[in-house]
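Q: These protein sequences, in sequence, are chains A and B.
Going by numbering that gives the first Met the number 0, the first sequence opens with residue 0, and the numbers climb by one from there.
Going by numbering that gives the first Met the number 0, the second sequence opens with residue 0, and the numbers climb by one from there.
Among the clues, some could well be false.
Stated by the list, open to error - Straight-line distance between alpha carbons at most 20 Å, and here's what the computed SDA-like set of lysine to any residue pairs gives: (1) K499(A) to S534(A); (2) K428(B) to M438(A); (3) K599(B) to S327(B); (4) K269(B) to H198(B); (5) K499(A) to K69(B); (6) K428(B) to S534(A); (7) K501(B) to T32(A); (8) K432(A) to S534(A); (9) K501(A) to E196(B); (10) K499(B) to D590(A); (11) K428(B) to S327(B); (12) K480(B) to K499(B); (13) K428(A) to Y325(B); (14) K432(A) to R498(A); (15) K428(A) to G313(B); (16) K428(A) to H198(B); (17) K269(B) to L449(A); (18) K501(A) to K599(B); (19) K428(B) to C31(A); (20) K116(B) to G313(B); (21) K55(A) to C31(A); (22) K501(A) to K269(B); (23) K55(A) to T32(A); (24) K269(B) to R252(B); (25) K428(B) to P314(A); (26) K499(A) to D483(A); (27) K501(A) to P314(B); (28) K261(B) to R363(B); (29) K269(A) to P314(B); (30) K69(B) to A58(B); (31) K499(B) to A433(B); (32) K501(A) to R594(B); (33) K269(B) to R498(A); (34) K501(A) to E160(B); (35) K599(B) to L15(B); (36) K480(A) to S534(A); (37) K499(A) to E48(B).
Stated by the list, open to error - Pair ranges (Cβ atoms, derived): (38) E45(A) to K355(B): 52 to 60 Å; (39) Y262(A) to C31(B): 21 to 29 Å; (40) S502(A) to F312(B): 20 to 28 Å.
Think of the hints as simulated: they come from the structure by calculation, not from any bench.
Every residue gets a Cβ at the ideal spot worked out from N, C-alpha and C, and that includes glycine.
2 protein chains.
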Amino acid sequence: MKNDTLPIATQIQNFLEADHRETRDRMRELLCTPQFQRDLEWPRAEHREQVLRWTKLIADEGFGALGFAKEHGGGGDMGAFLAAFETLAFHDLSLLIKFGVQFGLFGGSIHNLGTEKHHARYLDDAGHCRLLGCFAMTETGHGSNVAGLRTEAIYDPASDEFVINTPDRGAWKDYIGNAACDARLATVFSQLVVGGESHGVHALLVPIRDEAGNLLPGVHCEDNGLKEGLNGVDNGRLAFDAVRVPRENLLDRFASVSAEGKYESAIESKNRRFFTMLGTLVGGRVSIAASALSASKSALTIAIRYANRRRQFGPEEGPEILLLDYPSHRRRLLPRLARTYAMHFALAHLGQEFVKADTPERQREAELLAAALKPGVTWHGLDVIRAGREACGGQGYLAENRFADLHGDLDVFATFEGDNTVLYQLVAKERLKAFARAMGEGGAGAMAELISQRVQTWLSDQNPIARTNVSRFLDRDEQCKAFDFREEVMLSSCAQVFRKLKSELGAEEAVLRLQPRLLHYARAYMERVVHRQFSVAVEQAEATGQQDLATALGELLDLHFLSRLSEDRAWFLENHYLSPGASEGLEPEIDRLCRRLRPKALRLVDGFGIPDELLMAPIGLKEVPEDH
Amino acid sequence: MKNDTLPIATQIQNFLEADHRETRDRMRELLCTPQFQRDLEWPRAEHREQVLRWTKLIADEGFGALGFAKEHGGGGDMGAFLAAFETLAFHDLSLLIKFGVQFGLFGGSIHNLGTEKHHARYLDDAGHCRLLGCFAMTETGHGSNVAGLRTEAIYDPASDEFVINTPDRGAWKDYIGNAACDARLATVFSQLVVGGESHGVHALLVPIRDEAGNLLPGVHCEDNGLKEGLNGVDNGRLAFDAVRVPRENLLDRFASVSAEGKYESAIESKNRRFFTMLGTLVGGRVSIAASALSASKSALTIAIRYANRRRQFGPEEGPEILLLDYPSHRRRLLPRLARTYAMHFALAHLGQEFVKADTPERQREAELLAAALKPGVTWHGLDVIRAGREACGGQGYLAENRFADLHGDLDVFATFEGDNTVLYQLVAKERLKAFARAMGEGGAGAMAELISQRVQTWLSDQNPIARTNVSRFLDRDEQCKAFDFREEVMLSSCAQVFRKLKSELGAEEAVLRLQPRLLHYARAYMERVVHRQFSVAVEQAEATGQQDLATALGELLDLHFLSRLSEDRAWFLENHYLSPGASEGLEPEIDRLCRRLRPKALRLVDGFGIPDELLMAPIGLKEVPEDH
């Protein structure tokens, strides 16, 4: 009840940051100290140095090891690690990625793929930056298709060692963060060959530099040079020329090799073993998704504050009009604000599911969710930054106003930790497999029948007059139903089309032909999840009794729903879920909601809780200095 | 006939570059010489130096003055100037903008707004870089609303001089290319005050630096610092503190001031005078549009060649699949390729109209066309670069592969030379005014009647069965009809809605509320123009008798049409122009066309004629070096 008297921006921030607030505040406070001041014009070499220095400072405060077990000097709290990561993303994204590489990928690979001997030996040092490392998975020739990696680790029983080899140029490890300068130890993914038999991709720890930072014999390294962004991270290429490591360097949680050269794994299927190993790395995807949203929040905060200050054109007499009072300007920014809120709750849900996933089934669920949300939110981030940059005109083009580094840094988020398009296909295929399983052995007939039955149920549920009415979509149940309907119909029609294509063209070609449809379906799945979690959050807000908070979030929910519905309204028209008249009514309704939310827009970005010291952009500060 | 035996890529290039081929080849050849080699990692200061050096080299070859009259050392050929500019955009876009500022904006303002005395004194020097200048229009507080500029030029009859003043921080000239370092003379736009009366915005030549490069007394300058891109251009801010220039420095083609302080202009209306002056600057918008398309061609060339080399995933046995053989990858790249062709022909048409515009009516037509196409093509460019970057994965993120600088440089093209959103509104309002004029004095009733009549005619023209048939849209007449229909219906419904809003809310609020609808309409207008010009070009290709050329362009035309139709198919469904079934058939038809065009994709980008030396990107070269 007391909450109800707090300023609305504070209520919002408290609600958004309900989990791990203390970790978030501690990180925010640290980043606002003078030693974290940054200069957007630093040349690359200096930027890299600063990022390394900052990474160590953050590790000194215990943030790096937050996710590792307590017995290895960690915090034992993966949720807190995520919260810290999300907050860190309000600062320099190069720092974020350096931090993610060192503690999430490098440390995380030891934590998740290694066993006690590795934990005891490395985790404490890795978590506190006494041992810098890198995560060498991707190769020039293989990024998405990790199973096709070509680096080899061949067991040599004579010396009880693995011999690591890079067969050719395409098998160089590429884009590896921390590799160009700082890492001393690398988690190297390679085809494990024991007794002449290949067992697929496994991870080994390979020392690459000595204490003085010199490359070790047989290790080759190239700097990736200038990138579009993230230039504070030293990405590089690595190759191995008969580099030997002791047998114990195999990260052997899921498979081990005995001194005699006997390969053993509790997971028999090579394929399942591979995906089990990869699955343990899903934390990276979860963190990257959350941090992309933080970047969107920065961009929106800047663009909305500027739109509430900048005037242009207007009546002959009196002041010019504020940009945010133009309907088209609101239409550019406010639905993106609503979506940022929607994504926030969806990602909070993902974080919780990920942390709580204690069975293989729940892990797979969390993986599916991460694979759907990571593309959704990283593309959303890029979309927000682009729109925000343009909405700030010439000011948006100056580096000091942040859109340049936000875009350059975030662009690769659509590629790394799983290429977005590949992930969407993965999601769709998983869902399709589950659907086929649920169909059982009834074959095409059963499927067709079930589909037609479901669609009929959906349609007969609908009042034919309601189809023509836009305002029904302000009803929460109707909102959920619409996105459920789309997802269900798309999934079943994918299944149906696939059967048909398969019988005509064979399975391989059928999967290819189905691709564009699968991508559309995966988006529909993602939208359903996002909307559902936003709805749940609004119910929670209502339960707090904080009326202003609940109202604002409810309006954002409506705006988000309607703008997503409008974006894909062709589909709803094609499937007779919307009448042409109702469809035409969507945009005016969206404009109306934007108008209603306009007075709250500033408070809604204040609620993201980004301190001016981190936001930096002169045009986006809460208080703008006089000379701007 | 002989043409028919040429390789198809050559046929295409010949067709695309039919105008001013010799200028294009000469520019291309110059840019491929060693002195134009560039380094994407140059620090800003060095980049600026190189760009200045290059600008002078290009001027030495006569390209700078191509558009000026022959009697002032120019080439007297504006079309050739445009062709040179378009070709230059295959090189560094900082060079392009520096070139554009010096010759197009600075030189162009003297050429178009000045009179003989200015031409004689400055043009030859400006055209050959003996006099570097800048174009100081935009202010921090006023970019789009140029009429609201606040710099003042007050005539002082006692000394026969103008006194230039910057009243406050918001009135500093901002983002001015060439201003931070190199310009010695500035075309300054300011409110002209004579005898205490303000006559609106006029341009004056104001010396800002001496021969040694020192700022002159009363002139203040700040560097704009790091930008998202175009860092080879020295953008800066300028302020004037009682800076005096002789009366003759007023660019007085459209208005003059006598020694006694009498203001005279042949154009009586202040408003019309203002737009007449601005109108003469449309060349900048035309050139910027053309160069944005060149950048799109670079991005597509890289992405498509990479997609034809890069393999990922595939069958257990045999090589992995080329990216370009994935339907979803084709769907990302080939419709954008088709649109790049479409835009090419639309812009070629614009260039011709612009060069030939010899009456005020034709000039206004060319201005309208430029205002519609500039947003369309600059947004297309950004969209292509984004899609290309992602389609190239990690490689696309490395600076060496060009997407970074293409995006960073091109991003501001959506803002400068007229903010895209503002331009679209301008287009829509102009068309709406013309429509209202055509309606005459009949009032709302006449309008409603006419609209309903037109829609009826359209609809009754349609065979109801045809609505359900996708393949009719492979008919060229049907294609044009569809986009004509959309534009016409949207325009008339804008007019209708405006009348209604105006009676309810008053004119000012009605214009605001109409905004989102106007933007949608302006896009429809642009799409109609683009498609029409593409159709005309295909007919011309057919008339050459070069069958392969005509077939390829015809397929691109169909693909372009269908993908644009599909993008806005909700509108066609809402307006009963498409049946739900036909609408659902669009994407499969697009996929089919992409499959058919796939074998030609490489030749279609080769036809853009971008030499490897300019393209630079290792993954996008015609011949890739062995170690990549």
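Q: All the hints need checking, so say for each whether the structure fits it.
A: Each hint, compared with the structure:
A C-alpha spacing of about 37 Å is found between K499(A) and S534(A), which places the hinted pair above 20 Å, so the restraint is violated. A distance of roughly 56 Å separates the Cα atoms of K428(B) and M438(A); the hinted pair therefore is violated under the 20 Å criterion. Distance hint between K599(B) and S327(B) is fulfilled; the C-alpha atoms sit about 17 Å from each other, no more than 20 Å. For the proposed pair K269(B) and H198(B), the alpha carbon gap of about 7 Å is at most 20 Å, so the pair holds.
At most 20 Å may separate the alpha-carbon atoms for a hinted pair to count; K499(A) and K69(B) exceed this at roughly 69 Å. Restraint check for K428(B) and S534(A): the C-alpha separation of about 40 Å exceeds 20 Å, so the hint is violated. This hinted pair does not check out: K501(B) and T32(A) have alpha carbons roughly 54 Å apart, beyond 20 Å. At roughly 28 Å between alpha-carbon atoms, K432(A) and S534(A) are farther apart than 20 Å, so this suggested pair is violated.
For the suggested pair K501(A) and E196(B), the alpha carbons sit about 79 Å apart, so the restraint of at most 20 Å is broken. The suggested pairing of K499(B) with D590(A) holds, with an alpha-carbon distance near 17 Å, which does not exceed 20 Å. Proposed proximity of K428(B) and S327(B) is contradicted: the alpha carbons are some 38 Å apart, above 20 Å. The suggested pairing of K480(B) with K499(B) is violated, with an alpha-carbon distance near 28 Å, which exceeds 20 Å.
Of the pairs offered as hints, the one joining K428(A) and Y325(B) holds, with about 16 Å between alpha carbons and a cut-off of 20 Å not exceeded. For a cut-off of 20 Å, the pair hint linking K432(A) to R498(A) stands: about 12 Å separates their Cα positions. Of the pairs offered as hints, the one joining K428(A) and G313(B) holds, with about 15 Å between alpha carbons and a cut-off of 20 Å not exceeded. Of the pairs offered as hints, the one joining K428(A) and H198(B) is violated, with about 68 Å between alpha carbons and a cut-off of 20 Å exceeded.
For the hint linking K269(B) to L449(A), the alpha-carbon distance of about 71 Å lies beyond 20 Å, and the restraint is violated. Restraint check: the Cα-Cα separation between K501(A) and K599(B) comes to about 27 Å, which exceeds 20 Å; the hinted pair is violated. Restraint check: the Cα-Cα separation between K428(B) and C31(A) comes to about 48 Å, which exceeds 20 Å; the hinted pair is violated. This hinted pair does not check out: K116(B) and G313(B) have alpha carbons roughly 70 Å apart, beyond 20 Å.
With a C-alpha separation of about 16 Å, the suggested pair K55(A) and C31(A) falls inside the 20 Å cut-off, and the hint holds. Restraint check: the Cα-Cα separation between K501(A) and K269(B) comes to about 70 Å, which exceeds 20 Å; the hinted pair is violated. A distance of roughly 15 Å separates the Cα atoms of K55(A) and T32(A); the hinted pair therefore holds under the 20 Å criterion. This hinted pair checks out: K269(B) and R252(B) have alpha carbons roughly 15 Å apart, not beyond 20 Å.
Taken as a hint, the K428(B) and P314(A) pair is honoured in the structure, with Cα atoms around 17 Å apart against an allowance of 20 Å. A threshold of 20 Å between alpha carbons decides the hint, and for K499(A) with D483(A) the separation of about 24 Å lies outside it, so the pair is violated. With a CA separation close to 16 Å, the supplied pair K501(A) and P314(B) stays within the 20 Å bound. Restraint check: the Cα-Cα separation between K261(B) and R363(B) comes to about 30 Å, which exceeds 20 Å; the hinted pair is violated.
For a cut-off of 20 Å, the pair hint linking K269(A) to P314(B) stands: about 17 Å separates their Cα positions. Straight-line distance between C-alpha atoms of K69(B) and A58(B) comes to about 15 Å, which keeps the hinted pair within the 20 Å bound. This hinted pair checks out: K499(B) and A433(B) have alpha carbons roughly 18 Å apart, not beyond 20 Å. Distance hint between K501(A) and R594(B) is fulfilled; the C-alpha atoms sit about 18 Å from each other, no more than 20 Å.
Simply put, K269(B) and R498(A) have alpha-carbon atoms about 70 Å apart, too far for the 20 Å limit, and the pair is violated. For the proposed pair K501(A) and E160(B), the alpha carbon gap of about 83 Å is over 20 Å, so the pair is violated. Under the criterion of a C-alpha separation no larger than 20 Å, the hint pairing K599(B) with L15(B) is consistent with the structure, at around 16 Å. A distance of roughly 12 Å separates the Cα atoms of K480(A) and S534(A); the hinted pair therefore holds under the 20 Å criterion.
Restraint check: the Cα-Cα separation between K499(A) and E48(B) comes to about 63 Å, which exceeds 20 Å; the hinted pair is violated. Range check, E45(A) to K355(B): about 54 Å between beta-carbon atoms, so the 52 to 60 Å window is met. In this structure the hint that Y262(A) and C31(B) lie 21 to 29 Å apart at CB is violated, the actual value being about 56 Å. Under the hint 20 to 28 Å, the C-beta atoms of S502(A) and F312(B), about 23 Å apart, fit the expected range.
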